[in-house]
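S.K.: Here is what each chain is made of, one letter per residue.
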Amino acid sequence: MRLWTLALVALALLVGASCLVGVADLFGGDLDTQMVLMVSRLPRTFAALLAGAGLALAGVVVQMSVQNRLVEPGLVGTPESAMLGLLVVTLLAPGAALMVKMSVAAVAAMTGTLGFLWLARHVPRRDPVLLPLVGLIYGGIIGAAVLWMAWTADLVQYLGVWQSGEFSGVLRGRYELLWIVAVVAGLLWLAADRITMLGLGEDAARSLGLDYRQALLVGLVLVAVTVSVVVVSVGSIPFVGLVVPNVVSRWRGDNLRRNLPVVAWLGGCLVLACDILGRLIRYPYEIPAGTVFAVLGAGLFLWLLHAAPRRAHG
Amino acid sequence: MIELNAVSVEKSGAPILNDISLSFGQGGITALIGPNGAGKSTLLHAIAGLVAPTCGTVRVEGLDMARARPPERARHVALLAQDERVTARLTVRDLVGFGRWSHHHGRPRDADRRMVRDALDIFDLNPLAERRLDALSGGQRQRAFVAMAWAQETPWLLLDEPLSALDPRHARDIMDRLHALTRPGPAQRSVVIVLHDLGVAARYADRIVALKDGRLVTSGPRVLAMTGGMLSDLFGTGLALERIKGRDVVVPV
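Protein chains in written order, with the numbering used here: chain F, 1 to 314; chain G, 1 to 253.
It is worth saying that the hints were derived from the structure and are not from the lab.
Be aware that one or more of the hints could be misleading.
What the hints assert, rightly or not - Partial pick of chain G residues on the chain F-facing surface, computed with a CB cut under 10 Å:
#, residue
1, Ala78
2, Gly97
3, His103
4, Gly106
5, Lys212
6, Asp213
7, Leu216
Beta carbons: idealized from backbone N, C-alpha and C, even for Gly.
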């Protein structure tokens, strides 16, 4: 109970800070305060919370699916595949509605992640670091194809937007797609036991009566949708899906029925905090939240590796 | 009753099990023995319905395991596979709770909670109930997994080399518990277990199923089927059964 209170207080403080911090001075008098809040600050706050929560949840699902704690969607080629889908649809149907582009991106992300899972079946399991390395190369290859395509089609500037998670462009009317993440989070909570069982391994999960393929597929669809929504609306943020689930797992174990809300909360709060920091570090200029998180996340990740290298896979 | 009718299994073209027909009723401990690569593990997975036979059928209590839906399958047979690589940091209580999943699909009822409590009692896991799996010793972890399989409340428990990582004391502890589970009573279970240690098989098994190169060598009550000659043929090295202090012991000759 006390934990929930603390969590809510932290969230409220961050939301408050996010509403107050920015170039436009809310109390300067010559601005319509309400309009700044409704059009810019609140949407930006929601966007950071939703993107962070979504990526953290996607990280848990990927880690459980391949039974390896050192992977996240960004390390298994999911965002690169989503970008490939986006590029293709932008080239073939430049005028397509955002929802259509998002759907194509989700299907591409799904296919790319399935490709990684297929690869993962052939990677020896003994060394837990091998799988993320394979994922890094796999994502790198897809990323290279994406860059080449964007280069030849003169669309490289789009790539920059999709690759670096950044919230300064978020305005009312341009981020609402991210609420899909909230829906996905609800669905994931319904599937929490199934995802936890994936983490017990294929034999154990099937022996317990789980339809393993179905659970895996449901998890992957939700990951693909989340990552695509985030890539399309604010750009991908690396490390969130890696660091947050690891911290929560250390702290509270892995029963997802209990932990998914904590994962979502921590992911949202951390990304929002990074966004606020990014607004302050070089005030009045901004540093993308993705960049701030990459620095923070890399530090946290090194600490995690150092703290228990033996336990990296379990 | 487990019934295998002309079961063959191939993996990527290579035959693993070849035309195995076999049936045995409930009760007691059935030991699967044979040299490395004989197909013991595959046979166990086929009985559990986790490996589909290339041809032939597997029936457990009349249920065709290759066609059964996963939850129904899991109410007939619980399989504890070898070397559980567990990513999930669960407490022992949560792990045992997942044994009940095929009964409640995420909404535990009183009967489910009672079963988890009983499992923790029977396997003396109460002091460890809130500990996480990665904080347990190998023997404790194995005991937790056996408790999970037990909580599945299936007539059949299948265990794939559950003793491989255990020292003699913990191995004996697990075998004594399994032996107690299979004695007649209201909660009697039947155990099929892959064993590498022939001494353990000689001491605990009520029935022997011997496999070599994917074929059935022999099957029957241990006292009749397990002989020095059979073991020597099976493993290709001289073995004999001797009686020491009233117990059968396998010795090399």
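S.K.: Are Leu216 of chain G and chain F close enough, Cβ to Cβ, to be under 10 Å, as the hint says?
M.R.: Violated - the Cβ of Leu216 of chain G stays beyond 10 Å from chain F, reaching only about 23 Å at its closest.
S.K.: Have a go at the Asp213 of chain G hint: is there a Cβ in chain F nearer than 10 Å to its own Cβ?
M.R.: violated, 24 Å
S.K.: Does Ala78 of chain G pass the interface hint, meaning its C-beta sits closer than 10 Å to a C-beta of chain F?
M.R.: holds, 6 Å
S.K.: With 10 Å as the cut and Cβ atoms as the points, is Gly97 of chain G at the interface with chain F?
M.R.: holds, 9 Å
S.K.: Grab the minimum C-beta distance from Gly106 of chain G to chain F and call the hint holds if it beats 10 Å, violated otherwise.
M.R.: holds, 5 Å
S.K.: Would the stated hint for His103 of chain G survive a check requiring a Cβ distance to chain F of less than 10 Å?
M.R.: Hint holds; His103 of chain G Cβ to chain F Cβ min 9 Å, cut 10 Å.
S.K.: Can you verify the interface hint for Lys212 of chain G: is its Cβ closer than 10 Å to any Cβ in chain F?
M.R.: violated, 24 Å
The structure shown violates the earlier hints numbered 5, 6, 7.
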